[in-house]
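Protein chains: 2
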Amino acid sequence: GDAKAGRAKAVGCQACHGLDGLSKLPDAPNLAGQVEPYLVKALTEFRNGTRKNEVMSVAAQDLTDADIENLAAYYSGIQIDVIPPG
Amino acid sequence: GDAKAGRAKAVGCQACHGLDGLSKLPDAPNLAGQVEPYLVKALTEFRNGTRKNEVMSVAAQDLTDADIENLAAYYSGIQIDVIPPG
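Protein sequences appear in the order of chains A and B.
The numbering used here numbers the first residue of the first sequence as 662 and each following residue consecutively.
The numbering used here numbers the first residue of the second sequence as 662 and each following residue consecutively.
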């Protein structure tokens with residue numbers, strides 16, 4: 662996927678997931694640094710109806726395969742540091 | 662939820678999701694710092710069949726409501742820092 666194209670497409674995701682991949686809502690997951698194939702799978706499953714969510718089942722309908730790959734590249738590419746739990 | 666109890670329960674999650682919440686597999690998401698209500702919802706939906714996944718649909722069957730709350734408290738409580746994309 663093309664992260665730069667994904668960033669442009671992520672304008673449609675940012676109200677819930679943030680352009681930085683940090684959730685704005687209790688039901689929306691963080692996407693920053695998320696595993697790329699997992700993101701592709703999630704969006705594909707929302708689009709084909711395997712996975713259902715009031716918002717995402719609608720939002721994913723407009724995405725092409727390239728959009729999904731680009732969005733996954735963008736959000737997975739955001740760097741995160743994890744402070745290991747004690 | 663009780664994060665300490667969640668950490669003990671997370672021994673059953675770590676092969677795929679890591680005890681630090683960082684994925685070990687391409688299909689498994691990172692859980693570190695994930696939104697707590699989102700994690701509760703995801704586990705509840707895997708348990709009741711609303712959401713399906715080969716591994717999680719089985720793994721979630723053994724979880725009580727308290728287990729789900731505790732696991733969500735544990736994984737959401739792992740601190741993450743996000744380096745904002747340029």
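Derived by calculation from the structure, the hints in this document are not laboratory data.
Among these hints, one or two may not hold up.
Since copy identity is lost for identical chains, a pair holds within one copy or between any two.
[Claimed, not checked] In silico DSS-like cross-links for lysine-lysine, where the CA-CA straight-line distance does not exceed 25 Å:
#1 Lys665 with Lys713
#2 Lys713 with Lys702
#3 Lys702 with Lys685
#4 Lys670 with Lys685
#5 Lys713 with Lys670
Since the model is a prediction, treat every value here as computed from it, not as a measurement.
Inset, instruction - Tell me, please, which holds for Lys670 and Lys685 at an alpha-carbon limit of 25 Å: within, between, both or neither? - result: within (18 Å within a copy, 28 Å between copies)
Legend entry - Intra- versus inter-subunit Cα pairing at 25 Å for Lys713 with Lys702: Classified as both: same-chain Cα gap 13 Å, cross-chain 12 Å, threshold 25 Å.
Inset, instruction - Since the copies are identical, ignore which copy is meant and state whether Lys665 and Lys713 lie within 25 Å (CA to CA) inside a copy, between copies, both or neither. - result: For Lys665 and Lys713, the Cα distance exceeds 25 Å both inside one copy (28 Å) and across copies (31 Å).
Legend entry - Lys702 and Lys685: within-copy, between-copy, both or neither at 25 Å Cα: Both ways: Lys702 and Lys685 sit 22 Å apart in one copy and 16 Å across, limit 25 Å.
Inset, instruction - Can you give me the call for Lys713 and Lys670, within, between, both or neither, at a CA distance of at most 25 Å? - result: Answer is within; shortest intra-copy Cα gap is 21 Å, inter-copy 27 Å.
Comparing the model with each numbered hint stated earlier shows that hint 1 is the single one that does not hold.
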